[in-house]
Amino acid sequence: MRKIFTLLKVQYSNMLEYRVEIALWAVSGIIPFFMLNIWTNNNLNEAININNIMLSRYFLSAFFVRQFSVVWVVFSFEEDALLGKLSPYIIQPLNPFFRYFTQHIAEQITRFPFALIIAFLFFLFNPESIWFPNLIFLFLSFISTFLSFLIQFLIQSIIACLCFWTEKASSIERLFFIPTLFLSGLLAPVASFPKYVKSWIYFTPFPYLIDFPANLLSGNKTNISEGFIMQIFWILLLFPLFTKIWYEGTKKYTAMGS
Amino acid sequence: MNKNKYLVVYTKFLYTSLASELEYKTNIIIDAITAILSLVGSIFLLSIFFQNTGNIGGWKFEQALIIQGIYTVLNGITNTWFNPNLREIVRHVREGTLDFVLLKPVDSQFFISLKKISPSGFLEIILGVCLLFYCIKINQIKLSLNFLILCLITITCSICILYSLWFFISTTTIWFVKTWNATEVLRSLLYIGRFPMSSFSFSLRLFFSIIIPIAFITTIPSEVFLGFAQIWKVILEIFITLIFLITSRRFWLFALKYYSSASS
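In order, the protein sequence lines correspond to chains A and B. For the record, in the first sequence the residue sitting at position 214 is 306 according to the numbering used here, with numbers rising by one throughout. For the record, in the second sequence the residue sitting at position 220 is 1103 according to the numbering used here, with numbers rising by one throughout.
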C-alpha cells in the first residue's frame, strides 16, 4: 500500500509538468456536447421521453464520466515494451501495471480542475440545467465511475499484454474502441437505442462504462442494483483473465532493444 | 525537370513506406475491420437520430448518408497521409533529425508531408466511395460533366483545407514539441463533420464556419452532390482553400526560422 502511495505521489508531480497537455485532453472530450446540440436543436428528445434539461445533464455527466475513465495504458505499455524499457520494471518486485495504474489516477487528479472549468462554461451557456446531485447519488456515481474505469483498465491491460505476441497491440485497442464509442452512451443515451439493440446490449460491458454512471450522476432513471452487479461481474470476470495472460505473456517476453 | 524529380522522389517514398508497413500484416486486417465497424457505428448513430423524425436540419436520412460518405473518404485520406506524417514530424523535431530533412535538396514541406503513407486508410477511402455511389443511386442524382467537375473541385478543396489544418498543427511542433494532444482536439472537432452543419445551433454553426472551417469540409461538397449548393458557396470554398494553403505554407517557413536543432 505504501508503495502505491509513493508511486502516486511521484506520478502526480510528473503529471503536473504536463498541465497543458492534460488540459488539451480534457478539451478533446467535448464531443458529447456537440451531440447534445444535435439532440436539442432538432427536438429529437421528445420521442425518447427525456426533456431538454435532463438530456443536457445526461451529456454533461457523460462528459465527466468519460474524463475520469479514460484509459491509455496500452499505448504506454506498447512503447515501453517496444523500446525495451519494460525490462527493468519487470525485475522490480511490483507488477508494472501498478505503475500505469497510479499514472492514470494521478492524471485524473490533474484533470479534475480542467473538467470543472469546462462544466462551468457549460452552465454559463445552459444556466437552466444547473443541478446538484444529492450526496448519496454523487457518491454512488463516483463509485460506478471508478468501477467503469477499472473495467476499461482491465480490458486495455489484457489487450496490452497481447504486445508480447503481436508487438502492435494498439491497433487491437483502436478496434475495440469503436464499439465502446458507439455503444457506451457517450454519443447517445442507451435509452434512445432501438429495441433490437437494447435487447442484448445490457449483457455487454458497454452500457456500464458511461451510460450507467452518467445516469446516476444526472439523476436519470436507471437500475441501480443491476448496474453495480454487472460492473462487479465484469471486473471479477476480467481480473483472472488478466493475471492469466500476464503470467503467460511474461514467459514469452523477449527484451527488445537491449 | 524539376517536376520529374519530385515525382521520382515521391514514388521512392511510396515504395519504402509501403514496404515497411506491410511488415505488420495482421495489423492491416485489424485496421480494415476497424474501418468497417466505425462506418457501421456512425450509420447506426445516424439511424438513432432519424428513428423518430424525417429530417435533421432539413436533411433527409439518404442525404445525410452523403455527408457520412464524404467524411469517410476524408478520414481515410487523413489516416493514410496526414496522420502518419504528423507523427514523423514530431519525431523529427524531438530527436533533432529535422536537420537532415532541411539539408536535403528537396522542398522541406514536400518531404515532411508526403514522406510516409499508411495503407490502413485505403479501405476507408474505398468504403466511402462505395457509400457515395450508393447515395447517388438512392438519391437519384443525375450524373453530368458539370456535376462531376464541381464535385471534384469541392472535394479537392476539402482535402486541401484538411491538409492545411493538419499541417498547421504539425508546424507548431517546432515550438511546443509535443503536439499529440492538439491533434486529438482537432480530431474531436472534425468529428462534427459527420453531420449536416444546419443541424447545429446558430452559434456553433458560426464557430465552425469562421474559426475552424469544418462546414466547408463536408457540408458544402455534400450540397454540391445533391445539386442544391449555390455557386457562391463553391467560390467561397475555393477562396478559403487558397487562404489556408498559402498561410500554412507561410507559417511553415516562418516557423523554420525558430527551429533550433535538438541534441546536437
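Hints in this document: simulated from the structure, not taken from any laboratory. Mixed in with the good hints, there may be bad ones.
Lysine to any residue pairs mimicking SDA-like chemistry, simulated, CA-CA at most 25 angstroms apart [what the hints assert, rightly or not]:
| # | chain 1 | residue 1 | chain 2 | residue 2 |
| --- | --- | --- | --- | --- |
| 1 | A | Lys101 | A | Asp172 |
| 2 | A | Lys177 | B | Arg970 |
| 3 | A | Lys287 | A | Thr272 |
| 4 | A | Lys260 | B | Pro967 |
| 5 | B | Lys943 | B | Ser1086 |
| 6 | A | Lys260 | B | Tyr907 |
| 7 | B | Lys888 | B | Thr899 |
| 8 | B | Lys895 | B | Asn885 |
| 9 | A | Lys287 | B | Lys895 |
| 10 | B | Lys886 | B | Phe993 |
| 11 | B | Lys998 | A | Leu175 |
| 12 | A | Lys260 | B | Arg970 |
| 13 | B | Lys1116 | B | Phe1030 |
| 14 | A | Lys290 | B | Lys998 |
| 15 | A | Lys260 | A | Leu208 |
| 16 | A | Lys260 | B | Arg974 |
Quick caveat: nothing in here was measured; it's all calculated off a predicted structure.
Evaluation of the provided hints:
1. A/Lys101 <-> A/Asp172: Distance of about 21 angstroms is within 25 angstroms: holds.
2. A/Lys177 <-> B/Arg970: holds (21 angstroms)
3. A/Lys287 <-> A/Thr272: holds (19 angstroms)
4. A/Lys260 <-> B/Pro967: holds (15 angstroms)
5. B/Lys943 <-> B/Ser1086: holds (23 angstroms)
6. A/Lys260 <-> B/Tyr907: Holds. A/Lys260 to B/Tyr907 sits at ~8 angstroms (cutoff 25 angstroms).
7. B/Lys888 <-> B/Thr899: It holds: about 17 angstroms lies between the C-alpha atoms, which stays within 25 angstroms.
8. B/Lys895 <-> B/Asn885: Since the Cα atoms of B/Lys895 and B/Asn885 sit roughly 16 angstroms apart, the hinted pair holds (cutoff 25 angstroms).
9. A/Lys287 <-> B/Lys895: violated (52 angstroms)
10. B/Lys886 <-> B/Phe993: Holds: B/Lys886 and B/Phe993 sit about 12 angstroms apart, inside 25 angstroms.
11. B/Lys998 <-> A/Leu175: holds (23 angstroms)
12. A/Lys260 <-> B/Arg970: Distance of about 16 angstroms is within 25 angstroms: holds.
13. B/Lys1116 <-> B/Phe1030: holds (15 angstroms)
14. A/Lys290 <-> B/Lys998: violated (46 angstroms)
15. A/Lys260 <-> A/Leu208: violated (35 angstroms)
16. A/Lys260 <-> B/Arg974: holds (18 angstroms)
In summary, the numbered hints that this structure violates are 9, 14 and 15.
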